[in-house]
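**Q** Protein chains in written order, with this note's numbering: chain A, 242 to 468; chain B, 47 to 447.
By construction, these hints were calculated from the structure, which means they are not laboratory data.
Each hint should be verified, as a subset may be incorrect.
Unchecked claim - Calculated lysine-lysine pairs in the BS3-like style (CA-CA distance at most 25 Å, straight line): (1) B:263 / B:291; (2) B:205 / B:218; (3) B:437 / A:321; (4) B:290 / B:147; (5) B:273 / B:180; (6) A:317 / B:437; (7) B:437 / A:306.
To be verified - Which chain B residues stay away from chain A? Per the calculated CB distances, all over 12 Å, these: (8) 177; (9) 209; (10) 218; (11) 224; (12) 312; (13) 318; (14) 333; (15) 346; (16) 353; (17) 386; (18) 389; (19) 410; (20) 420; (21) 439; (22) 443.
Nothing here was measured: the structure is a model prediction, and the numbers come from that model.
Positions of the beta carbon are idealized from the N, C-alpha and C atoms, including for glycine.
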Amino acid sequence: MEVRAQQIRKEYIRTSRDTNILTAVASCDFLIPAGQVTVIHGSSGSGKSTLLNVLAGILHPTEGKVFYDGMDLYAKRDEKLSGFRNLHIGYVPQGRSAVSSLNVLENVKLPYALYEEDGSSAALEMTERFGIRDLCEVMPDCLSGGELRRMAIARALVRKPEVIFADEPTGDLDDENTKTVLDSLRQLAKEGAAVLIVTHEEEAFTYADRIFSMNAGKLSQESCRPG
Amino acid sequence: MTNLRHLIIRNLVRRPVRSIALCLLAAVLSAVILAGTCTVQSLDRGFQSMEMRLGADLMVVPYAAVSRKNFDNAILLGNAGEFYMPGEHADRIAGMEGVEKVSSQFCLTVAETDYCDVPVSLMAYDPRSDFTLKPWILESDGEDKAGTGAVIGSRIDAKIGDSLSFFGTEVKVSARLDRSDTDCDTAVYMDRETIQNIADTSGDAAFGERVRAYDGKAVSSIMIDVKDGYDVESVRNDINIHIKKVRAVQSQHVLTQAASGMGGVSGGVRTLMAAVWAVCAGVMAAVLLFETRERRREFALLRIMGASGRRVSRIVCGEVLSVCCLGAAGGTVAGLLLVLTGTGRIEQWLSLPFLLPDTAHMIGTVLFSLLLPVVSGAAAAVFAAGRISAKEAGILLREEE
Numbered sequence: 242m243e244v245r246a247q248q249i250r251k252e253y254i255r256t257s258r259d260t261n262i263l264t265a266v267a268s269c270d271f272l273i274p275a276g277q278v279t280v281i282h283g284s285s286g287s288g289k290s291t292l293l294n295v296l297a298g299i300l301h302p303t304e305g306k307v308f309y310d311g312m313d314l315y316a317k318r319d320e321k322l323s324g325f326r327n328l329h330i331g332y333v334p335q336g337r338s339a340v341s342s343l344n345v346l347e348n349v350k351l352p353y354a355l356y357e358e359d360g361s362s363a364a365l366e367m368t369e370r371f372g373i374r375d376l377c378e379v380m381p382d383c384l385s386g387g388e389l390r391r392m393a394i395a396r397a398l399v400r401k402p403e404v405i406f407a408d409e410p411t412g413d414l415d416d417e418n419t420k421t422v423l424d425s426l427r428q429l430a431k432e433g434a435a436v437l438i439v440t441h442e443e444e445a446f447t448y449a450d451r452i453f454s455m456n457a458g459k460l461s462q463e464s465c466r467p468g
Numbered sequence: 047m048t049n050l051r052h053l054i055i056r057n058l059v060r061r062p063v064r065s066i067a068l069c070l071l072a073a074v075l076s077a078v079i080l081a082g083t084c085t086v087q088s089l090d091r092g093f094q095s096m097e098m099r100l101g102a103d104l105m106v107v108p109y110a111a112v113s114r115k116n117f118d119n120a121i122l123l124g125n126a127g128e129f130y131m132p133g134e135h136a137d138r139i140a141g142m143e144g145v146e147k148v149s150s151q152f153c154l155t156v157a158e159t160d161y162c163d164v165p166v167s168l169m170a171y172d173p174r175s176d177f178t179l180k181p182w183i184l185e186s187d188g189e190d191k192a193g194t195g196a197v198i199g200s201r202i203d204a205k206i207g208d209s210l211s212f213f214g215t216e217v218k219v220s221a222r223l224d225r226s227d228t229d230c231d232t233a234v235y236m237d238r239e240t241i242q243n244i245a246d247t248s249g250d251a252a253f254g255e256r257v258r259a260y261d262g263k264a265v266s267s268i269m270i271d272v273k274d275g276y277d278v279e280s281v282r283n284d285i286n287i288h289i290k291k292v293r294a295v296q297s298q299h300v301l302t303q304a305a306s307g308m309g310g311v312s313g314g315v316r317t318l319m320a321a322v323w324a325v326c327a328g329v330m331a332a333v334l335l336f337e338t339r340e341r342r343r344e345f346a347l348l349r350i351m352g353a354s355g356r357r358v359s360r361i362v363c364g365e366v367l368s369v370c371c372l373g374a375a376g377g378t379v380a381g382l383l384l385v386l387t388g389t390g391r392i393e394q395w396l397s398l399p400f401l402l403p404d405t406a407h408m409i410g411t412v413l414f415s416l417l418l419p420v421v422s423g424a425a426a427a428v429f430a431a432g433r434i435s436a437k438e439a440g441i442l443l444r445e446e447e
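This is chain B alone, in the form it adopts within the complex:
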């Protein structure tokens, strides 16, 4: 042992319980801060994504299809499911006062595939009238971004130009949607011609029947854009009154409810983070104060041997910072693993769109979760060291006696 660094290491090794306890506190703080911040940011981002995706002012789906709760959920997650209403409703709605644009979608089937780890929704849509998918097209093979072929969600394992097999028929991927963390990510959208081609060449009777239904103008959902200057709620009421067995819902209403739910979850997570930080910082400060008090005689000896108050502070702070850095690093890794592997479960559990932060925000969050325990530990150490180094060695010895 020839310097202060070695003394610090020896002190840590010789007091394993204290070292491990401080290390664990820092690790818990880091993991909670990282996971919590990521959750809050992911909810914010998911909500923004959903808000952008819901380019429609109103969405109309079959009334009997789903319960109120599942209905909102379906809108939030971007899929009304395998429920249908007459396609002529779309024409009637298009002719109603105040309606600017109408675009319908049809859920053909939900099927297991080789190119996605979860069941994929095969959706029929009309590229000419669509105004909700186009803003989400990330890349495509055509200038108009959505030609014939398949428009795939972000979780579908294929590239532009690849061929995907549907009921034995190969369909070329023409466009890919950006990630939204809704059911759109696991959907494949095709225009009428492509679907007709699959139905003609496949031998699947049930699929053929569905396609005939679509051809006969059955739809799963109708997206509506209301003209400027018209009250969205009035248009919604008109639809609900004049068109039977459907339900029109204001996207903003769903968003408001989702925002309220998200606000509750985010607030809860923020409170949890603040509580964990307060508890960890408080326990750290208490442990250090108690411990420096226990070690008064040792610090007095160091002062007697010629260690200045600053040197003694360096020893105390060095010990605390060493274990806090170690704990924060471990906690950050654990928090990252938790976030990266648990995203799906969190989304399922919360039933809210959940979109992980981008790389820059993620790096910022990781740095923050690394720094917070270290800064908290340093503050506690400086406080404890300040109290002990402010006292003269003679006073410390006298207190000890």
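Next comes chain A alone, as it looks inside the complex:
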């Protein structure tokens, strides 16, 4: 599944009088091809997380449209859009992202539980893949930053989504786990998924097919892997 953004722009109103408007993402076209890893990097506050959220269907753009294989994402009503996200989009948020009342295994299978499905085997497989199998019964407040990050990635990938968004996915990880995560994302791309990573880590560049940079809301392409 490919994701295509058409003339999207995102503004935030910073005061109640509509006088102070921040353009987080300037008008742009953007494509996340299926089977490729796309990386966006940029300084803090450059608008890359906002762009990622707009593309992931969790933040309406001020202008423009986002198409998933030609389907207008934001034309869907909330219930349908949410169901679509649950089935087709994996999202790894920045920072701590655990539901504190659930243990690791329950967190990983939460995307299934939200729709009354039992995703135990898929969840166990993911915990195995990201080295947190032994932590299945542990509560999130007992995990390290790295373990939490691996749990969030396992949860994002548990439904084997066709589009994956990762906001600083390797931020809290050591070299070994960084490699595991990036290898996994690369592998998913090889299997046909469209992967978008927003990161500061230069190591991610080596896994990227296309690299973009963002500066003050403006997106520009830096490089493209040949072939």
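Please arrange chain B on chain A, whose structure you already have, making use of the hints.
**A** Quick look at chain B alone, frame taken from chain A:
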């Protein structure tokens, strides 16, 4: 954990302070609403009961017997006590202008018995002239509803046809009065023949002396029905002027005073209920708003994973409704216990007739006290959930950062 219900339970268990606090709020609200509503309804019913019982327009009792306060109280509670005046007063009053009917009663004694948990008043009355007890007879062994024998109040533990022992003499129960929540409930009324029979067969000298006094026409109270077209106050003044050492009081006057007192108590209870409801609902809304704000990131994560705004609302409302239902059930049970065990104390404290609502009203009150905290909690939850689910996950994440 395989569904939203489990997630709701986990969230409640993992946040015990919040869960218990909401549960307690709902319980307090339920208990106060139940006890308060029952109190107001009981006062209303007690007052109606008293109004019906006071079939007399005027009541005359010995002047020196009691203070003004106790006097009104005595009328309200249906017993003037062991104070006496000459029985001939009844004949004189019966002959006065404007008087339709006269019926006297005589309090023989107040005694501890095996068949009632409080002291029982033994009252002598005249079934032929009585017009205040007859309307209250619930069941009797005769067609005229009040033959010879004992007419017992509702709290006397006996059935029609049973025999009660008075000073060693057995007296058959001939009629039972309906519940009035006044001293009538713990009184036994007997006609002259029955009392004479007890006096003749018992060896109790003091009781014999009392009966002789009654026989010599001493009375404790005289009930008066005023003829239509006559001013009750004028008849009362006539009695107070022409008959010495008695006091005639208009029942309506006492009722008005009682109604005023009851109105004050009912108003106070209603204000208390409204205040408790406002505080509980306000605190619930504040707790939920604060808490949903604290949990923005968690709700954003759920949205990211594919939970719609409606699903997130279901989680918030499910959590609140679960604890509110639990709290309301506990509070209702506590309120019921309070009402059922504290009726006597409340009546004593208020010095007003207090008659618990009938079963249908009680069921209605219980349902209301169960529903109000749940509805209040649901409204607060919908408000809080609405605020959080109206925001996009991207905005929630941004606010959190």
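**Q** If a hint holds in the structure, say so; if it doesn't, say that too.
**A** Each hint, compared with the structure:
Distance check on the hinted pair: residue 263 of chain B and residue 291 of chain B sit about 16 Å apart at the alpha-carbon level, within 25 Å; holds. Under the criterion of a C-alpha separation no larger than 25 Å, the hint pairing residue 205 of chain B with residue 218 of chain B is consistent with the structure, at around 9 Å. Using a Cα cut-off of 25 Å, the hinted pair residue 437 of chain B and residue 321 of chain A holds, with the two alpha carbons roughly 17 Å apart. Restraint check: the Cα-Cα separation between residue 290 of chain B and residue 147 of chain B comes to about 20 Å, which is no more than 25 Å; the hinted pair holds.
A hinted pair counts as satisfied when its Cα atoms are at most 25 Å apart, and residue 273 of chain B with residue 180 of chain B qualifies at roughly 19 Å. Between residue 317 of chain A and residue 437 of chain B the alpha-carbon distance is near 16 Å, which keeps this suggested pair within the 25 Å criterion. With a C-alpha separation of about 20 Å, the suggested pairing of residue 437 of chain B with residue 306 of chain A holds against the 25 Å cut-off. Non-interface status of residue 177 of chain B relative to chain A is upheld: no Cβ of that chain comes within 12 Å, the nearest being about 71 Å off.
With 12 Å as the threshold on Cβ separation, the claim that residue 209 of chain B sits away from chain A holds: the shortest Cβ distance comes to roughly 69 Å. With a minimum CB-CB distance of about 70 Å to chain A, residue 218 of chain B clears the 12 Å threshold, and the non-interface call stands. Look at residue 224 of chain B: its CB is around 57 Å from the nearest CB on chain A, clear of 12 Å, so calling it non-interface holds up. Every beta carbon of chain A lies more than 12 Å from that of residue 312 of chain B, the smallest distance being close to 46 Å; the non-interface claim holds.
Every CB of chain A lies more than 12 Å from the CB of residue 318 of chain B, the least distance being 37 Å, so the non-interface label holds. Residue-level check passed: residue 333 of chain B sits 17 Å from the nearest beta carbon of chain A, beyond 12 Å. Not every beta carbon of chain A lies more than 12 Å from that of residue 346 of chain B, the smallest distance being close to 8 Å; the non-interface claim is violated. Some Cβ of chain A comes within 12 Å of the Cβ of residue 353 of chain B; the nearest lies about 5 Å off, and the non-interface call is violated.
Distance to chain A confirms residue 386 of chain B as a non-interface residue, since its nearest Cβ pair spans about 39 Å, more than 12 Å. Separation of residue 389 of chain B from chain A is adequate, the least Cβ-Cβ distance of about 44 Å exceeding the 12 Å criterion. Chain A leaves residue 410 of chain B outside its interface by the beta-carbon criterion, the shortest separation being 37 Å against a cut-off of 12 Å. Look at residue 420 of chain B: its CB is around 23 Å from the nearest CB on chain A, clear of 12 Å, so calling it non-interface holds up.
Not every CB of chain A lies more than 12 Å from the CB of residue 439 of chain B, the least distance being 4 Å, so the non-interface label is violated. At roughly 7 Å, the least C-beta separation between residue 443 of chain B and chain A is not larger than 12 Å, which violates its mark as non-interface.
Consistency with the previously given hints fails for numbers 15, 16, 21, 22, ordered from lowest to highest.
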